[in-house]
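Enquirer: Position chains B, C and D with the ligands against the provided structure of chain A, taking the given hints into account.
Residues per chain, in single letters:
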Amino acid sequence: QSAWTGSDDQPNSPLACTGESAAPEPGEYNGGTPTNAPDRKGKDITVVDIPKLVGVGYFASTAEGMQEAAKELGNITINTDGPTRANIDEQITFVDNYITSGVDGILFAANDPVAIAPVLKKALDAGINVVGYDADAEADARQWFVNQALPNGVAKSMMDQLVSEIGEDGSFAIVTSTFTTPNQARWIAEMQAYTEKCYPNLTFLETVEAQEDNILSFNQAQTLINKYGEELDGILGMTSVATPAAAEAVQQNGLCGKVAVVGLALPNAMKPYINGDCITSTILWNTVDLGYAAAQVMRQVADGSLQPGATSVEAGRLGELQIVNQSQVLLGAPKVFTKDDINDFDF
Amino acid sequence: MTPVIELAGVSKAFGPVKVLTGVDFALYPGEVHALMGENGAGKSTMIRIASGDHRADEGEIRLDGEARRFRGPREAQEEGIAVVHQELLLFPSLSVAENIFLGHQPKTRRGFVDWGRMRREARELLDRLDCPQLDVDQRVAKLSVADRQRVEIARALSRKARVLIMDEPTAALAEADVQRLLDVIRRLREDGVAIVYVSHRMNEIFAIADRITVLRDGTSTGTYPVSEVTESSLVSMMVGRDIHQLFPKIEVERGKTRLEVRNLSRTGLVEDISFDLHAGEILGIAGLVGSGRTELAQTIFGVTPATSGEIKVDGSPRKIASVRDAIANGIAYVPEDRGLHGLVRPQPLRENVTMAILDRMTKFSVIDTGREQRMAKEAIDRFAIRARDARQRVGQLSGGNQQKVVLAKWLATDPKVLILDEPTRGIDIGAKTEIHRLMGELARKGIAILMISSELPEVLGMSDRILVMKEGRLSAVIDRKDATPDKVGAAMMRTRPEPAAAGAVR
Amino acid sequence: MAAVTRILIRHETILGILFVIALFVMAAQSDRFFTTANLLNQARLMTEVGLIAIPMTFVIITGGIDLSVGSIMGLCAILVGVFWQNVGLPLSAAIGLSLVAGTLAGFANGIIITRFRVPPLIATLATLALYRGLAEGISQARSVRGYPDWFAQLGQGEIAGIPTQLWLFALVAIAGIFILRATTFGRTTYAIGNNEAAAEFSGLPVERTKLLIYTASGFISALAAIVFVSRVSTTRSDMGNGIELEVITAVVLGGTSIFGGRGMVIGTLIGLCLMQILQNGLSLSGVRGDGTTVVIGAILIVAVLISNILGRFAND
Amino acid sequence: MKSRSFHVVGSLGQEILLVLVILALFAFVGWVNPRFVSENNLTSIFVGNAYIAVAAIGMSLVIISGNIDVSIGALIGVLAVISGLLVTNGYPIWFAWLAPLIIGSAINTLLGCLIAYARVPSIIATLAMLSILSGGLITFTGGQWISGLPSGYQLAQFRLLNIPSPVWFMIGMTIVAALLMRYTAFGRSVYAVGSNPEAARASGIGHASTVVKVFAIHGAIAGVAAVLFATQLQVIQSTTPVGLELVIITASVVGGVSILGGVGTVVGSTLAAILFAAIGSSLIFLNVSAYWLKAVQGVLILATVLADMARRRRTG
Ligand SMILES: Nc1ncnc2c1ncn2[C@@H]1O[C@H](COP(=O)(O)OP(=O)(O)OP(=O)(O)O)[C@@H](O)[C@H]1O
Ligand SMILES: Nc1ncnc2c1ncn2[C@@H]1O[C@H](COP(=O)(O)OP(=O)(O)OP(=O)(O)O)[C@@H](O)[C@H]1O
Ligand SMILES: [Mg+2]
Ligand SMILES: [Mg+2]
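Chains as they are written, first to last, in our numbering: chain A, 1 to 347; chain B, 1 to 506; chain C, 1 to 316; chain D, 1 to 316.
If we strip away everything but chain A, and leave its shape as in the complex, we get (with noise of 0.2 Å):
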């Protein structure tokens, strides 16, 4: 089997089997610089928030972090705005009339990082401020990217959480929302990547598009159920709609401690299972951090006090974080609820 079904031909850097991997190195800066930017130090700044879609409680989550950031820092507000589906064309038409209309900074998560950049280097042209967060553009297009996670860390989590369930000669399949969404193309080829270095005797079955349809997301997760029968120890999800929509089908199944669940959701959506003892864990940054960094991280830029060179920045309630990729803030690895500490979180 050549690759996974959904996953990217980007280069792959899988991670050490074992053992903390060591931080990677920040490199030399390669983001862009807003051109004749006013100074906007210290001053109240309009920013948007431009997320892929609006109406997913992950991109409302982002918001809640944003705006707890404003309230915070009392010298920025911020709106988010989008399409109302994860269209690459929509959220140019976005971005371009928020230039126009002359905000001071523009936060996005890209749909598309080739096609976003040519409007973001606009903005940076117009004197701009533009960071980006969850998904990011092609570097010289924004000036720096908050990362929840770096890809390689999301494979590796994913993939051992799913071994220390399903055992290493286990048998799974993917829920994703579409082939050609840019980050889950890249998690399931960094998976892939990893699961043949560290756990090479775990079969692959297939991977299923659910947009980001609840229903259909719940369908094809009992499709993939009814076919595999007994062969299905465990289902990925790639997406927060996808991962509870297949923990909702293997309850419905009256499969819990069968098929084990694994990936990416908002607690909040996964407490059901996990507080019932169907699914034992989910993975997730805390998207509300996400945005809050994103929001800290814009006053900064604002500010002039995060430049290039730096190699950490601090953001406000979540410290110090770490400068990797060149123009990446890391925030940091992700983290795994189980039924421990999941009751801690509400996002």
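Some hints here could point you the wrong way.
Said to hold, decoys possible - Cβ-Cβ distance ranges computed for the label pairs, FRET-style:
hint: 1; chain 1: C; residue 1: Asn-86; chain 2: D; residue 2: Leu-161; range: 52 to 62 Å
hint: 2; chain 1: B; residue 1: Gly-15; chain 2: D; residue 2: Ala-24; range: 54 to 64 Å
hint: 3; chain 1: C; residue 1: Arg-181; chain 2: B; residue 2: Arg-187; range: 51 to 61 Å
hint: 4; chain 1: C; residue 1: Val-302; chain 2: B; residue 2: Leu-182; range: 34 to 44 Å
hint: 5; chain 1: C; residue 1: Arg-181; chain 2: B; residue 2: Arg-186; range: 39 to 49 Å
These are computed hints drawn from the structure, not numbers from a lab. Beta carbons: idealized from backbone N, C-alpha and C, even for Gly.
Expert: Only chains B, C and D with the ligands this time, still in chain A's reference frame:
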């Protein structure tokens, strides 16, 4: 006696066009009241007002002596007024039985539609009109115009109304059907039903009407008992002048052979037809409804291309696989269903007139609108079409004027062979004579004319020769000098097997 | 006089007036709206929808519809990338082939509709799924990036101070106006929409006209795909997803009757511009995207209502 | 009465064709992978898509009446959210089940009035409604999903005689609607209005009131679909599934409802909805490469449509 329904001083205008001005009309129980007038005189409009379809601008409608305003056709129906519409308002995708009973289906005790009874009663109604071959489960979309007309009549009858208004119910019917219908009407009259009867056919009027009201240009010229009028006095009341000869046959020298049809067949519709048509000749085609005349015409015209046989124009064989081929070979066809095949009703008159010669109206495929406008103006003058101007939508014209537009459209193609399918259906007497005169003129110019008509007098009066069709085949060719109603009628008649004998024969 | 009132209460005129009002309101709301730079930029953004809206006007006038345009766009975008990167053809050849493919896709729609007599809505609903599926299958969900700079000229560059693709759009729009108004082809288009049988009986080339219109729709969708790819310098198989609704909204807002027989390219252009300036203007005056969507829906109803009410005076 | 039975068979042709296709599909996929026809999988095919079949019933009524509704997806989304908000805000569960029916009916009655009395063509009115509902939904919910639903709310998870309730709803509503359409004066007037509005008026059938009633019923049915949609899982998503309206319309038209109005049955649309669900599931069972899945779906829809056209031409 009070009239069941009475219009007093009714006026109606569509935008700037006054269609009716101060019309009075009274209808009594047990009478057949004929309504006559030229095309566009306002007959249908008056009927639409009486049946609640249009609202009068001025004047009053009285029901049993009391003033009444209808808010829609439904209210009129509740008062027992049923209408056979001129333009056959049917539901193409529904069955014959449903078409007849829609809006007043027979119900079971629980209030559900009783399909069994509905089909039975539909059958009975159709039998009364003597159309046993018409299947009540057939979808109306598949019926011929004549059968649709019957369904429309059956529908009005099914309402058991006390006022029955029939707007040209016989326009699409042949002689025998007309007689059958007149019998039905006579019986209804005896039962005390009040009947309004609109027709352009004089013989029907004299056969059935008790009183006659004549409309001219939207005003009533008066109501007369049938005994007080004659055909010619009626005509002059309608037209405002005398018409001397109804079928002005012009003798034309028969020219060379224009069209030769040899063993033409279209599987299942027309079989093995051969005839010649000469320049200057008017060749009539008679036949019962459903005998395949329209199919023959449409086969020659390339709508339903022939499956075998040969067509020669001016002596050389032509392949006619499409309408375009037919037009290119100088064949023109005025269809029987004007609304469906003849005109594009929402488009202006001038665009309709040039539609068949659009290719010739262009410079580098750009339409020469100036020329188009001139052509349309000419057509309006030449055919005396009553229209506001060349830009009026054809759908707004009266039926007769629409027919003239169709004729103008096809004559614009400068045809060698002109096929006319029911050319005077639904056309008033004035326009009819005009069309007949025109046919003679065209024949004199060397055009070969093939005329399909269900009106026997017309066929007999206009044709140089008569082809008679029966069940898709040619059953006789009769010369003008030999043509008598009996002879043609006999050739037309279908030999229907007697029910009892049917088994034995087969 | 009557002619003047008739023109005044045309849907297109009413829409034009609405458009001017909207321009004024938006300009008053934000001083960044009524600037050459912004307006030209908006024009750039609406080019793909606008291009497809021109043949769609023809399609809808014939009483048909083409729901597959977005999928054809996706397919053609993918094909440019695949021909260029995976097959290794020169980019210009890849573009040419992709245009051919789009034309064929439209032609296939036309054949299904004219030869097999499948109603357009159903036919293109099926090809909507099919073409999108082909785009996904061919691309294996991988995007193609890294186009050369000269290619970006089409979607991101300018000629004489005007965005390049606007020239192309103007060309297509003018051709559309001319063909529909002045030629036999246009007249045939209207006749088909008003009474197809009568058009057939008049010897007009009904099938050929419809076939050509759907083919043109495919070709222009491919063209829009090229412009789009050049504008965003990437190809993905989900490109153009849902664009059919935007296109149809512009066309019907522009007064083309969904039942066929009535409509003008000018109307479509006004409808398109109205939608675009509403989106832009509302956004500039601080209304969020979802609010804008609501307003556009309301405008659509209001525009049709007004022209209905006024039209009633005109018709009788 | 040979001719009678012939016509009945003729009018049921599409349904029979669909049943045959469905059976053939089940037989074939079941032969390749017996798990496909396991009780479990059959149940999930029906359950997971019952709301689409239910919504397609209302859509069929709308299309038979000569209209169309592209806002149905957005409406289902809005109603599902309303139901969820009611129940999480402490209203009784039965009320949260019932309210979507009433509100859906109210919204669509309004829509129906716009179409029937103000004569806004249905595609335009519903296109506008689509914008208003989907935009309004986001504005209102801010994109938050609704969770924390009380137990006992999950209507779609109830079983009766070990058959899940969505299946009962699907079958029951199809039968009731089929009887309504065939045996009541109202049902027949829906066909009449769709077949020839002018003639319906002349027959004393209120065109406007029939259309309004159709939309009111359609709205209530959408309410049922929304409740099935909302109660299947423990969370309710606040956006509508992309392209849901197209899926529902496709089910209707492939089920034999003529887009031109006046023709079709609700049984056909339900069968078509089942067929699509089965196709989606079967392609996974057949190991069709996921990248080509949509293309295969498209081909299958096209094949069904073309087979139907061929059948119609044969039976004339
Ligand atoms: N909806 C309409 N809008 C505009 N003008 C109309 C409309 N309906 C009828 N007219 C006009 O009213 C006049 C009378 O038409 P009407 O149909 O009543 O004539 P008629 O006497 O029935 O003619 P015919 O014998 O041809 O049926 C015609 O000049 C026609 O053009
Ligand atoms: N739309 C149709 N579908 C199927 N059969 C048809 C259709 N129209 C006509 N027929 C059949 O074709 C045959 C001849 O048609 P038609 O009635 O048009 O002949 P006609 O001699 O021209 O009669 P008419 O007086 O109606 O013009 C009849 O058997 C008729 O039932
Ligand atoms: Mg009349
Ligand atoms: Mg005939």
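Enquirer: Is the distance from the Cβ of B/Gly-15 to the Cβ of D/Ala-24 consistent with 54 to 64 Å?
Expert: For B/Gly-15 and D/Ala-24 the Cβ distance comes to about 59 Å; the hint holds.
Enquirer: Taking the Cβ atom of C/Asn-86 and the Cβ atom of D/Leu-161, is their distance within the range 52 to 62 Å?
Expert: Check passed, 55 Å falls within 52 to 62 Å.
Enquirer: Check the following: the C-beta atoms of C/Arg-181 and B/Arg-186 are separated by a distance inside 39 to 49 Å.
Expert: Roughly 57 Å apart at Cβ, these two residues miss the hinted range, so it is violated.
Enquirer: Just tell me: holds or violated, for the beta carbon distance of C/Val-302 and B/Leu-182 against 34 to 44 Å?
Expert: violated, 55 Å
Enquirer: Given a hint of 51 to 61 Å, does the C-beta separation of C/Arg-181 and B/Arg-187 actually sit inside it?
Expert: holds, 58 Å
Comparing the model with each numbered hint stated earlier shows that hints 4, 5 do not hold.
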